[in-house]
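Participant: Chain by chain, the residues:
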Amino acid sequence: MRTVLLFQSIHKVMKAEKICKKEGIEYTIIPVPKHISSECGMCMEVEPERAEAYKNILEVKQLEVTIASF
Amino acid sequence: MLKLLLRQAQWFIHDRNLNESMSANKYFDNCSTSFPKPEAVATETVRYLTEVGGNYGRSSYSRVLEVSRTVETCRDELAELLHCADSDQVAFAQNATHAANTILQGLDLNGAHILISPMEHNAIARILNALQEQGKITFETLPAGKDGRVDIAQIPDMIRDNTKLVIVNHASNVNGVIQPIKEIKEAIGAIPFMVDGAQSFGKERIMVEEWGIDYLAFTGHKALLGPTGTGGFYARNPELIRPLLYGGTGSRSESLEMPDFLPDRFQAGTPNIAGIYGLLAALENRPEPQHSSSDFKQLLDQIREIEGITLWCADDFENQCEVFSITHRDLNSSELSWRLFQDHSIETRPGLHCAPLAHETLGTMPVGTCRISLSPYHTKEDLDYLVDCLKKLEA
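Chains A and B supply the protein sequences, listed in that same order.
Numbering-wise, the first sequence is residues 2 to 71 according to the working numbering.
Numbering-wise, the second sequence is residues 1475 to 1869 according to the working numbering.
Note that these hints are calculated values from the structure, not bench results.
It cannot be assumed that every hint is accurate.
[Unchecked claim] What follows is a list of derived Cβ distance ranges for each label pair: (1) R1521/B / S70/A: 52 to 60 Å; (2) S70/A / Q1606/B: 55 to 63 Å; (3) L1730/B / I68/A: 23 to 31 Å; (4) L1730/B / E53/A: 32 to 40 Å.
Virtual Cβ for every residue (Gly too), placed ideally from N, Cα, C.
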């Protein structure tokens, strides 16, 4: 199973990337898989077991995040 | 034959002056567009065009990521300079005029009475005039001192029940008077407040949140020293603005409606990526001013003393941006500007500077003035040269 963090816009993805770099979060930016609905074409693939913790870190920084698995 | 020789001689002088002006900083038309730019502006623009490539947010390969990071870093730095906590509220546009059109044509202003400063540029005035001709709004100018600085005490008398917007040009592009933005906002209370920052952003401190600014239009190619074709706006409540342009944003592509979220709502089509690379380079390589504020004050004081020349500037130096105008007793503004170039390679802008309202306020209609606008690259020696040339002009 793979897990991605979804954002509203490229602007938010780039904001999230800056935070991830600062927080030492490992991620890969990939295109949103076709079968997943997202407002933005980019997303962040992260380790599935850490997705919830990463989501919390980003939400503290006022970023809305949705977790999706495929 | 004689005519031909004369024309060739004129062109020789013209070219010589052009070459001379290109080797020294006699360019005093920075309010039209800044020159020179920091070297990195061209380097980064070319790097995008020759090495980076790729679009903004339209896929996830490396080029797209680099472009997206650069565009968003530029937005973040602009937000920081505007003292705005959330860069979501900053949208890119082609220039301040495009930004002002987006705001004023996008807000619901039907039936509105709009107050403007008496120093507005046509970038604002023509939009309002068009809206007025369409029967949507009425507008009138705020009372001001003789230098065009808004008289705060008279503002309450100008406000009507349907006053829905107040618009003020932060720094005049004619005489450089800086408006008391914070105080104007205090006087208008809850009425939304729009600022034209075309001339000031990059030169003067701007604090959109602390000063209570609701909308601010800016350009990238003047005081920010970036390339032409860049600019944007800040909006405290951007959801109140309908988009001016509709099209692809790289987001919510399944919908035929524009996204309602920011900044995508105002980003239809590919942005000026090459320009934004240059603008970011300008923001990150801002030069230290090569002349001081007292050098500038001395320049104004010296010009004020020259016989035959009238100086058009702020009444109080504290309210003076680094642009001002002059008129000459015997030469009209075009003749004055051309003489400065022909005789001394000094580049200025004559006429009305797209700001007829400002010239009406100053009493310099219809001939206008010869405008002189500085750059941080001007040295004290450049300013001294300008004074010497103006003195020679008199002689």
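Participant: Each of the hints needs a verdict: does it hold here or not?
Facilitator: Tested hints:
Roughly 39 Å separates the CB atoms of R1521/B and S70/A, a value that falls outside the hinted 52 to 60 Å. At roughly 56 Å, the beta carbons of S70/A and Q1606/B sit within the given window of 55 to 63 Å. Distance hint check for L1730/B and I68/A: the Cβ-Cβ separation is about 28 Å, which falls inside the suggested range of 23 to 31 Å. Checked against the hint of 32 to 40 Å, the pair L1730/B and E53/A passes, with Cβ atoms roughly 35 Å apart.
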